[in-house]
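There are 4 protein chains.
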Amino acid sequence: MPGNTFGHSFRITTWGESHGKALGVVVDGVPAGLPLEPQMIQKELDRRRPGQSQVSTPRSEADSVEILSGIFEGKTTGTPISMMVWNKDARSSSYDNIKDLARPGHADYPYMKKYGIRDYRGGGRSSARETIGRVAAGAIAKEILARFGIEIVAHVIALGTVSARPMPLDAIRENLEKTPVRCADLEAAEKMLKEVEAAREEHDSIGGVVEIIATGVPAGIGEPVFDKLDADIAKAMMSIGAVKAVEIGAGYEASRMKGSQMNDPFVMEDAMVATRTNNAGGILGGLSTGMPIICRTTVKPTPSISQPQQTVDMKEMKETEINIKGRHDPTIPPRMVPVAEAMMALVIVDHMIRSGHIHPDSLLK
Amino acid sequence: MPGNTFGHSFRITTWGESHGKALGVVVDGVPAGLPLEPQMIQKELDRRRPGQSQVSTPRSEADSVEILSGIFEGKTTGTPISMMVWNKDARSSSYDNIKDLARPGHADYPYMKKYGIRDYRGGGRSSARETIGRVAAGAIAKEILARFGIEIVAHVIALGTVSARPMPLDAIRENLEKTPVRCADLEAAEKMLKEVEAAREEHDSIGGVVEIIATGVPAGIGEPVFDKLDADIAKAMMSIGAVKAVEIGAGYEASRMKGSQMNDPFVMEDAMVATRTNNAGGILGGLSTGMPIICRTTVKPTPSISQPQQTVDMKEMKETEINIKGRHDPTIPPRMVPVAEAMMALVIVDHMIRSGHIHPDSLLK
Amino acid sequence: MPGNTFGHSFRITTWGESHGKALGVVVDGVPAGLPLEPQMIQKELDRRRPGQSQVSTPRSEADSVEILSGIFEGKTTGTPISMMVWNKDARSSSYDNIKDLARPGHADYPYMKKYGIRDYRGGGRSSARETIGRVAAGAIAKEILARFGIEIVAHVIALGTVSARPMPLDAIRENLEKTPVRCADLEAAEKMLKEVEAAREEHDSIGGVVEIIATGVPAGIGEPVFDKLDADIAKAMMSIGAVKAVEIGAGYEASRMKGSQMNDPFVMEDAMVATRTNNAGGILGGLSTGMPIICRTTVKPTPSISQPQQTVDMKEMKETEINIKGRHDPTIPPRMVPVAEAMMALVIVDHMIRSGHIHPDSLLK
Amino acid sequence: MPGNTFGHSFRITTWGESHGKALGVVVDGVPAGLPLEPQMIQKELDRRRPGQSQVSTPRSEADSVEILSGIFEGKTTGTPISMMVWNKDARSSSYDNIKDLARPGHADYPYMKKYGIRDYRGGGRSSARETIGRVAAGAIAKEILARFGIEIVAHVIALGTVSARPMPLDAIRENLEKTPVRCADLEAAEKMLKEVEAAREEHDSIGGVVEIIATGVPAGIGEPVFDKLDADIAKAMMSIGAVKAVEIGAGYEASRMKGSQMNDPFVMEDAMVATRTNNAGGILGGLSTGMPIICRTTVKPTPSISQPQQTVDMKEMKETEINIKGRHDPTIPPRMVPVAEAMMALVIVDHMIRSGHIHPDSLLK
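Residue numbers (the UniProt record's numbering), protein chains in the order written: chain D, 1 to 365; chain R, 1 to 365; chain Z, 1 to 365; chain U, 1 to 365.
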């Protein structure tokens with residue numbers, strides 16, 4: 001059973017390779033009656049596209065979206081929405097000389113073992129360009145969620161050795177797009193930019209942490225005992241290339257807390273049940289509590305670096321050295337922000353439909 | 001779409017509540033021809049059963065497994081295997097006085113919001129007793145994997161404020177069951193035991209970290225781009241109650257590493273491709289690399305603690321205080337070890353079948 | 001990927017073999033708040049149990065159901081409902097002498113090819129006893145549907161060479177259980193009984209046709225373009241052993257009709273859209289029209305007959321003769337009536353939830 | 001949960017509307033290493049395209065396929081294959097005056113009830129143009145199956161009142177494409193053509209029967225007890241618009257046969273197990289027997305006819321008359337032949353992978 005489909009009630013299937021003709025996504029399960037313009041998709045794709053700033057790869061792609069189906073007179077009809085982007089600035093020749101070499105930190109070797117053949121140009125299917133389909137589909141999910149008062153915001157909270165101070169949600173919203181590193185703590189952002197620059201000069205790369213926050217999610221979504229909301233979020237995030245850890249709420253810190261500290265006391269707030277703290281990150285027993293959902297993902301440093309590395313020639317089956325040319329991002333988290341938002345939106349809209357909060361057929365009902 | 005089923009090619013469905021008549025699991029997709037005796041299941045259930053040591057709840061259950069189908073003349077037949085355990089020591093009355101109160105850190109409140117009704121006795125379906133089905137199914141998965149040279153071992157590497165030193169796999173195997181905390185570093189285990197004891201005396205609880213290692217997994221299993229091996233592991237682990245974070249390989253540390261440090265150099269070893277380090281934790285691009293798969297999960301402190309806590313009465317919709325009596329584990333990680341092993345085994349056997357490494361119908365082929 | 005699960009939003013997994021310890025089903029996706037007593041399940045099982053009349057096998061089983069989970073204080077809780085029946089009158093020895101012979105018309109040979117091993121006693125998993133789980137689950141589905149004004153009735157419309165006259169729904173309801181052949185045309189029923197008796201005396205068996213009618217289904221359920229309502233009904237019915245054809249509405253006759261005859265004119269009835277005729281059988285484009293859903297299934301004659309038959313010895317790989325002893329139904333349709341009703345109920349309740357007509361979590365909402 | 005995806009191990013998702021920009025399909029689960037040229041797809045699309053003969057609609061579409069992903073250096077890579085066809089001759093204006101009228105025999109009314117909005121041009125998503133994606137995907141499935149010695153042939157065996165004589169497989173292969181009605185009995189074909197012509201002159205339409213034969217399928221594919229091979233074939237066929245009945249083997253005739261007639265005696269043939277007759281249609285207990293798989297589908301007459309029909313205005317909610325202009329096929333079965341072959345191929349390749357007969361990852365292994 002192949003794995004290019006995500007979601008159950010709101011289901012996306014992505015396709016396409018880094019240097020193929022095009023990349024795209026089919027989104028099935030979008031309820032009818034949602035006004036949808038290409039611009040709503042494009043604005044999210046613009047946030048992830050290459051060449052957008054000095055912290056991203058210089059590959060120049062407009063990544064202009066075409067919507068091919070599922071819309072009639074400006075509204076969704078409940079039928080599948082097919083969206084695609086043509087590849088334009090695909091310089092494949094730079095990959096010819098490394099086609100048999102396993103790039104360290106990349107999927108070349110296991111792909112070869114699995115399929116016996118691979119499109120080596122730019123990583124083929126394992127390229128981060130695959131996330132175009134996720135972001136396009138996520139843009140639709142966000143539009144739907146917005147109608148139900150749900151907002152999703154991601155931001156960079158650590159890059160290299162720099163950590164941001166905790167910021168209130170308003171400041172995150174306001175500062176998010178002010179700097180190319182997408183860190184709401186502008187002082188930290190300044191330092192992060194320097195660290196990115198230093199890494200680039202050293203022909204190296206750095207990692208970081210992206211935090212995703214979802215507000216307005218009603219209590220009770222998620223499906224015990226396996227399709228728990230946090231389980232599906234963990235899968236969604238870990239399915240993004242380069243993510244090596246996922247935390248919910250107190251996350252990693254929970255291991256050193258006592259029950260009396262970790263437990264969030266229940267309180268009444270405006271005649272509604274809430275919790276005083278939110279160590280749970282908005283999820284208990286796999287179900288949303290009504291509090292903000294908080295997730296953090298650790299992103300490894302970009303594996304493509306412009307320095308010689310030890311590796312093997314998969315054809316000759318012998319050790320050798322590799323020098324990757326190509327065009328790389330010196331760090332991934334800033335461009336991963338819209339991807340992480342998309343994945344969170346996809347999980348939440350899927351579960352909102354699954355648990356009856358959003359009508360599966362039509363928003364007009 | 002409900003969520004009590006896990007896996008695709010090797011698929012389990014668990015059922016049952018903490019204080020219901022019984023709990024069980026149906027395992028579909030077990031290839032024919034596997035010799036299977038109840039004792040193979042029972043030995044794993046014994047590792048998770050309550051009352052096994054001073055660090056676990058005193059609830060006394062033999063959790064004796066019955067296999068009801070799918071076996072003929074001592075071998076699996078390819079048909080579903082139904083297994084169950086009767087509940088015996090279910091003292092439901094202790095829950096009567098808190099039936100309308102939302103226990104902090106527990107799923108009571110969101111369950112009530114979702115279903116409008118709940119079996120409040122011992123957490124009902126959201127009880128850790130649900131993992132009986134997982135462990136029973138995982139025991140079958142482990143038996144199958146063992147025939148393909150795959151071994152899965154989990155152990156506690158942190159409990160409360162105590163962290164274990166890194167240990168070689170041999171020592172982990174040898175020491176794992178020597179102490180009730182299931183920590184291979186016996187010195188650390190000693191300290192952990194004391195910390196558990198202290199927590200119990202303070203009517204409090206502590207968290208910890210469980211590491212799961214899978215060796216012998218061939219390169220190339222996992223399904224791009226959503227059903228990646230690490231994505232499915234993350235989901236599997238996060239679906240276990242009390243888990244708040246999942247890391248693969250370098251995990252959380254990857255955020256502070258440089259690409260040149262994080263990338264594992266490929267080398268030839270015994271005419272096979274390997275990596276010199278294993279920061280990837282055995283997974284690149286969502287596919288296994290052939291190196292050991294390393295996963296760490298952070299477990300929160302047991303939410304049931306015997307001290308007064310602030311909460312709300314869900315019926316009266318007003319704030320109040322709760323005193324949980326019942327019988328609780330002072331810490332979860334030691335008993336979570338067999339559950340985490342089971343979930344890892346389930347993910348790997350599922351992917352081994354999905355990618356053609358294990359025949360879906362029969363081991364006799 | 002194994003195949004013992006049916007449905008998406010209302011999902012059943014059956015398990016068990018003809019001569020194993022027990023048979024059962026886990027039903028996942030039952031909304032919370034449904035009052036459910038064992039008697040509601042038992043009454044349907046009693047309609048399918050062996051030994052109920054002269055037209056059924058003399059194997060004597062009470063098939064007494066136990067509900068093991070998912071119910072609290074007489075109501076469903078939204079968690080999986082596990083139900084089982086113990087096998088009691090299992091006389092396995094009669095199968096010893098034919099364990100290597102492929103019974104004609106039975107699944108012995110392909111099971112052996114698929115799994116390399118099989119429980120040969122009474123057909124093992126391929127026995128009609130497997131439908132116990134379907135009927136138990138279907139009983140819950142029917143209870144839910146009844147609350148939404150949906151009724152499902154099946155009846156025998158042909159047995160051997162006897163065909164029943166068309167009968168109005170009221171007469172079908174009234175006469176259905178009056179004779180052991182479950183034919184509403186009592187005159188035809190008389191003749192059918194004779195034909196069954198004749199077949200038994202000749203050590204032979206006869207086939208027939210079961211019609212299933214669902215009334216009260218609202219317009220618009222079904223999921224284009226693959227999970228159409230008629231597609232899922234066809235699968236559900238064809239998954240019942242012995243069914244060789246499935247028709248919807250005019251069915252087989254449609255091939256000889258003209259468009260002007262086949263098309264059902266739309267009319268207004270009580271301010272609602274209806275059709276004057278119902279050649280569509282209540283389904284257009286895979287979606288319900290609001291008219292009664294009409295399905296007919298052709299059932300082959302029981303393959304187990306007490307006369308010598310030509311076959312092969314699968315172990316020796318040579319031709320031989322087989323004499324099946326055991327205890328057989330001389331004809332299947334009468335006992336298939338509750339099974340067909342169950343499958344129709346399962347498909348409809350699944351699609352009612354999928355399309356938002358029934359709340360997935362709770363009937364209390 | 002939406003329904004535009006079919007299959008598990010070989011999974012297709014179709015998208016697009018009759019008068020939208022384009023239609024297409026994403027095929028996930030194609031093993032790596034299959035040589036694939038657009039011409040292999042195009043030749044099947046040419047068999048289903050409109051305007052190909054006097055028995056099909058005059059809408060003129062080249063339906064020229066573009067393959068956008070999943071191929072590298074002429075071979076499949078194991079990644080999703082995205083294929084599309086642009087709509088060119090879409091004359092939407094002819095539908096403006098009937099946009100609120102429910103065309104009898106069409107899905108307009110239930111679509112409106114389900115979604116509250118619909119693309120009324122040419123049936124939108126419920127148009128037969130949707131089958132372009134099925135045929136394109138089926139072409140890949142057929143290529144794979146051919147490598148395993150499996151051949152799939154469909155042909156028209158009845159059209160209107162004309163039935164073809166039974167023909168041997170060789171004659172079917174040879175004569176299939178000799179006449180536009182795709183009937184292998186050329187005498188019957190002659191009469192069928194006249195009946196089509198007469199129907200067109202009467203502004204009416206006729207139905208028919210398509211038989212699909214699959215040879216070379218090994219014994220033992222199919223998944224008990226719900227995903228039986230015949231159950232999945234029934235679903236696949238019934239999911240094609242206009243199909244009202246599906247039969248396997250003796251099918252409808254089985255109801256009047258005795259067990260002693262229906263049962264196919266097992267024999268040894270060339271040291272292999274076979275059956276002397278094939279009333280089972282190649283399937284027992286939901287598993288293939290190794291004999292040819294035989295399926296027949298009844299196709300209703302085209303619902304679009306150029307004569308006034310009684311209907312309702314869905315906006316005004318009152319009765320009225322409809323006159324459908326557009327361009328219609330006078331009969332569907334001839335153009336359904338490649339669609340039925342595609343669906344059979346999709347089911348079989350899916351089950352071949354599921355049961356381990358075809359490697360899920362790669363044909364190179």
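One or more of the hints may lead you astray.
In the EDC-like style, the derived pairs of lysine to aspartate or glutamate whose C-alpha atoms are separated by at most 16 Å in a straight line are [claimed, not checked]:
#1 258/R to 204/D
#2 43/Z to 73/Z
#3 258/D to 197/R
#4 99/R to 73/Z
#5 99/Z to 73/R
#6 21/D to 195/U
#7 325/R to 73/R
#8 99/D to 73/U
#9 258/U to 195/Z
#10 258/Z to 195/U
#11 325/D to 202/D
#12 99/D to 316/D
#13 21/U to 73/D
#14 318/Z to 195/U
#15 258/D to 73/R
#16 318/R to 270/D
To be clear, the hints were calculated from the coordinates, so they are not data collected in a lab. Since we're looking at a predicted model, the values are computed, not measured.
Any hints this thing doesn't respect? Which numbers, in order?
2, 6, 7, 14, 15
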